[in-house]
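Let the hints inform the model, and build the full structure from the sequences given.
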Amino acid sequence: MGLLRYTLWRFVQAIPVLLGIVTITFVLANQIPGDPVEIMLGPTPAQEQVEAIRARYGLDRPIHERYLTYLAGVVTGDLGQSIYYDRPVLEMILLRLPVTLLLMLSAFAFAIVTAIPLGVLSAKRRNEPADHVSRVVSLIGVSTPSFWIGLVLIIVFAFYLGWFPARGLVLPWADPADVRGAATRLEVLRQSVHHLVLPMVALGTLQMAQITRIERSSMVDSLQGEYVTLARAYGVPESTIVRKHAFQVAQLPVITIIGLGLSTALGGAVLTETVFEIQGMGRLIITAINNQDYELIMGTTLVFGVVYVVGVIVTDVAYSYLDPRVTYGDD
Amino acid sequence: MAIDSAPTDDDAPVDGDASGGPDEVEARVGARYTLKQVRQDTTARIGAYVVGLMTFVAVFAAVDYYLLDYAVAEAILYNPETDPETVRRLLPPVGMENQFGQGVIEHPLGTDHRGRDLLARTIYGTRIAMTVGFLATAIGLGGGTVIGAVSGYYGGWIDDVLQRVTETIYAIPFLVLVIAFMTAFGRDLTFAMVGVGITAIPVFNRLIRSRVVSIREEDYVEAARAAGVRDRNIIRRHVIPNSFAPVLVQATLQVGVSILIVAGLSFLGFGAQPPTPSWGQMLSASRGYMLPAPTFSIFPGIAILITVIGFNILGDGLQDALDPRINN
Amino acid sequence: MSQQRQTGLSRRRLLASGAAGTSLLLAGCTGGGESGSTDDGGSSEDGGADPTLYFAQVKGPLDMDPVVINDVPSGQIAGQIFDGLYEYGTDVSIQPKIAADMPTVEREGTRYIVPLREGATFHNGDPVTADDVVHTMTAPVDEQTENASEVNMIDTAEAVDETTVQFDLKYPYGAFTTAMVRNVVNADVRRDDPEAYNQDPVGSGPFQLVEWEPENYATVERWDDYWDTDSRPAVAGIEFDPIEEQTTRVTELETGNVDVIETIPPQLYETVEGNQNAQITESPGVGYYYLAFNCANGPTSDPRVREAVDYCFSMDQAIENFVEPSGVRQYSPYPASISEEWEFPVDEWASIPHDQDIETAQSLFEEAGVPTDYEWRIIVPPDDMREQIGITIGDGLQNAGFENVQVQRLDWGTFIQTYQSDEGPNSEDAYNMYTLGWSGSPDPDAFAYYLLSQQTNGVTNGTFHGYDEASEMLTQARESADYETRRERYIDATTQLLEARVHLPAYNLNNSYGIRNAVDGFSAHPIATEVQVATDHTTVSVSR
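Chains as they are written, first to last, in our numbering: chain A, 34 to 364; chain B, 123 to 450; chain C, 5 to 548.
No wet-lab data here; the hints were simulated from the structure. Any given hint could be a false lead.
Keeping only pairs whose Cα atoms sit at most 25 Å apart, straight-line, the calculated DMTMM-like set for lysine to aspartate or glutamate is [as the list claims (entries may be wrong)]:
1. C:Lys-174 - C:Asp-146
2. A:Lys-157 - B:Asp-442
3. C:Lys-174 - A:Glu-84
4. C:Lys-174 - C:Asp-426
5. C:Lys-174 - C:Asp-472
6. C:Lys-174 - C:Glu-110
7. A:Lys-157 - B:Asp-163
8. C:Lys-174 - C:Glu-473
9. C:Lys-174 - C:Glu-483
What follows is the structure in structure tokens.
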């Protein structure tokens, strides 16, 4: 099956997956005891008010009707109205998504930029001191909860040393007028980086450590593989071997880890956002759940779901592109 | 996908035969062999000790909690769940001092924000961590293996459907899943366990599936099928035993991962409910006191770190030991 | 003059966020300043001659339109941008602002006539007229907004002329003046597009809104043409940023990155006070935290049993251990500010609760016939302090020999569902007692009626008690417009209900603020939404 066809076929298959996501979330969200309006209003003497607000949000209609209305809305791009924020869900998502994406991408960049060279180095210098240090560091990295790393970073670098801010993010494209202590775009950028450092490290450490380990073990494998041995026998210089033969093949499992890590990264983002008080998608989801804001729950879940599904498809396609041994679909 | 990479299998025999003989050769990675390998590798041994210690502590804690109602804890240390009568809050570890007082020997690691002994709570937190870790991994292992095996072996539309179904479940950010689950059905630890277990399924699913996909191409499997051996038996006798090694490795590592995940859930308030001690929840409570009592934040984190490192080292050791290619 | 919108009768968000940040809805909102995030240490540059005040709230705002506002942070900010029809002074006394004078009450408390002052204008130049006032007070019910219950006693509101408004109520309501402590909106602009009004409000207050983002930040700047020349601000603007994490909040105060922080938890008092550059100002809020009994079903329906429970533990000790110094012991449903204003017999009420006396407790339990294997069920909301009170009582019961005591911490959703009821009293299996809190407007009615009147059984009152006479007195007090009558009724009814131990009053929380020494003129107000920066009796200034 050609690669293009395969890709398209996967995207087609994504549709029932997304539908499944929406449905499951819808069912779960509606299982939650309590009523969002009552939670919002607290104990209120005016029962008619509760009824009126519920009617306003369409909560008084039967569940299957709400479900279908919601689906119809999604198709046209209307994700409904958030009960808690009293704004369109889409608006809240667009407000928060860039923040989370910024966080995740920088953590990801940090992980890759640090891990791949480290892993390759570790593989080349197998069993030497450099390797041992790197292995210990990455071992600790995969064994430490990310939120604890965040807490410790805050205590040491923000409270005691005062080198970095303890909370919040500054978006690099923000207007200098909105950012305190910034007169120019450059200063906004500087502040942005300054605020990103700690959360980025906290979130990215796990991935960094994972990638380092995989990279190392994968490179070790491929450096001992058949055609590397052959290339060596032919006298091909080591650096070329590493670069050309070993490296590419070694990336397969790395890519899979990255792809699979996307979903965990989203979970990690929630924790990091909580620890660093960053107003992103992660906290939006939790606020939504805690307040039973049905449409917000579904909107945010859908967005995450889409991101994840796309990530999986990309990973699988990349994998099958890079590894000619694996065929997908019919033989 | 698992740690192991290229899916060749040196364990496969040269000629295929669906009856008795080749089974021994294929499934040579048995328990005895594994143990021997572990004993030989130092780091794996260390990992095994750590895991063993934590398991022991967890079992001890569980027995004391369920059967004895914290009798042992009260005799030796302190009851980790109840607040003491004389409230000494946020004490530092023995030998240190902070604005709340001097550390005392009765509370070697200090006390938490309600005056409860940190050492006792850290020890008893092991119960939650290990229980969830093991059970969640078991769920993931069971579910993932079945789905992956069937999916990989049959291929075609079965494969597609199964893979898409697991994707659907996995695509919902697991936090949403677990939190919604728990809010809907009660903040019971059981649901946290199931939730974390569900997140482990795709890991084993992919692992098994890729093994199966490569194994099914092997000659002996073709031969078995030609000989009329039933699919089920082929899966059972050839595929699964051949995957034993990587699965064991992955399972070991997955326990560590599960512990991290449940710590995160507890941190957010969706794990074990107070007053039951759990590391993540202790860390969450420590947040408010990071300035005046930073030591409160240290110990539960270290506990998690040590436990998970133990599993990771053991898993690494197992992998090195059981994967013949590395040992050159 | 700064604005307050009255806190109203049901403040779920106040209950949940708590005046002292010890209970953090673990995954709650806030935090993450994109703008106004702090620079590295030191003070910042401010434009103009007067500096900007940097204020760290606990949570960020959700709305800016007084017609829909239903949470404390939003109320604090809106108070700067709007003027109220009436407003609070330094305590809970009420004074006219847009109104020219106190209202005239007619028709046995069902008609209130309010004269308006002339000369008040909105930021866009529109004069503040009777129409604006009418819209302000009727829009919530018309649009069924979240805070509609604060004004739903209004039957009709009419602009008699440009400077007089007449309110006809559905029933006589003595506390109506408190309901009129409400921010006045620009009716014309708002009616045009209410949603846009929430994003870009037009008020008549000393500050104008520059920009804001939900849960994130809000900036206001001084309005130089403010019509009330006695209340001009001494600061060029205020920047509100939420810092959810208490430790971070305190650190920001220490480093001087913010000038004022809200809500200091008890463990950090020393840290703030130890800092030479900052101090704490606090005031007990208008709140009430208590233990309530199921008076209809189960052993707690017997007053002897309730008294026995009282003997099982010492509430004084529990409050000392777990609440102070961020809160104070309270012996009645009324916070100190109300008790003072109404001269309630606090000493008498303070002598009602018993000290711990297990033996007497046990004999009372025996007398009432409660078996020692009875399964007690105490439900508590997701809040550490209230849970702690529940646990203390549970421990007390265990000390008295009961083995099966369960203290259950429920989610808000579940908790509300459990103690509310459409079908009459809740069974003893649902709960024998619960701990809860309440915040209200500074009128006794806001507390007594909603928590102790039979009229509110199953809605805000989960006791289902049978003290008809006391309940009747509460209704009378509610309806009368006469201070003396009301006062008498409240005293009688409350004393009866406290002696019958329908509630065991526990504590009240302080509104606490940390302020840097450079800030002058700021003090804590009993009402959480009152952040008084520019009024005719307070002007806050900052020296940099």
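Evaluated hints:
Annotation: proposed proximity of Lys-174 (chain C) to Asp-146 (chain C) holds, straight-line Cα distance about 15 Å (limit 25 Å). Restraint check for Lys-157 (chain A) and Asp-442 (chain B): satisfied, since their Cα atoms lie roughly 17 Å apart, inside the 25 Å limit. The hinted pair formed by Lys-174 (chain C) and Glu-84 (chain A) meets the criterion: a straight-line CA distance of about 20 Å does not exceed 25 Å. Straight-line distance between C-alpha atoms of Lys-174 (chain C) and Asp-426 (chain C) comes to about 24 Å, which keeps the hinted pair within the 25 Å bound.
For the hint pairing Lys-174 (chain C) with Asp-472 (chain C), the CA-to-CA distance comes to about 23 Å; that is within 25 Å, so the pair holds. Pair hint Lys-174 (chain C) plus Glu-110 (chain C) holds up; C-alpha atoms about 13 Å apart against a cutoff of 25 Å. The suggested pairing of Lys-157 (chain A) with Asp-163 (chain B) holds, with an alpha-carbon distance near 22 Å, which does not exceed 25 Å. For the proposed pair Lys-174 (chain C) and Glu-473 (chain C), the alpha carbon gap of about 23 Å is at most 25 Å, so the pair holds.
A threshold of 25 Å between alpha carbons decides the hint, and for Lys-174 (chain C) with Glu-483 (chain C) the separation of about 11 Å falls inside it, so the pair holds.
In terms of the numbered hints stated before, the structure departs from none.
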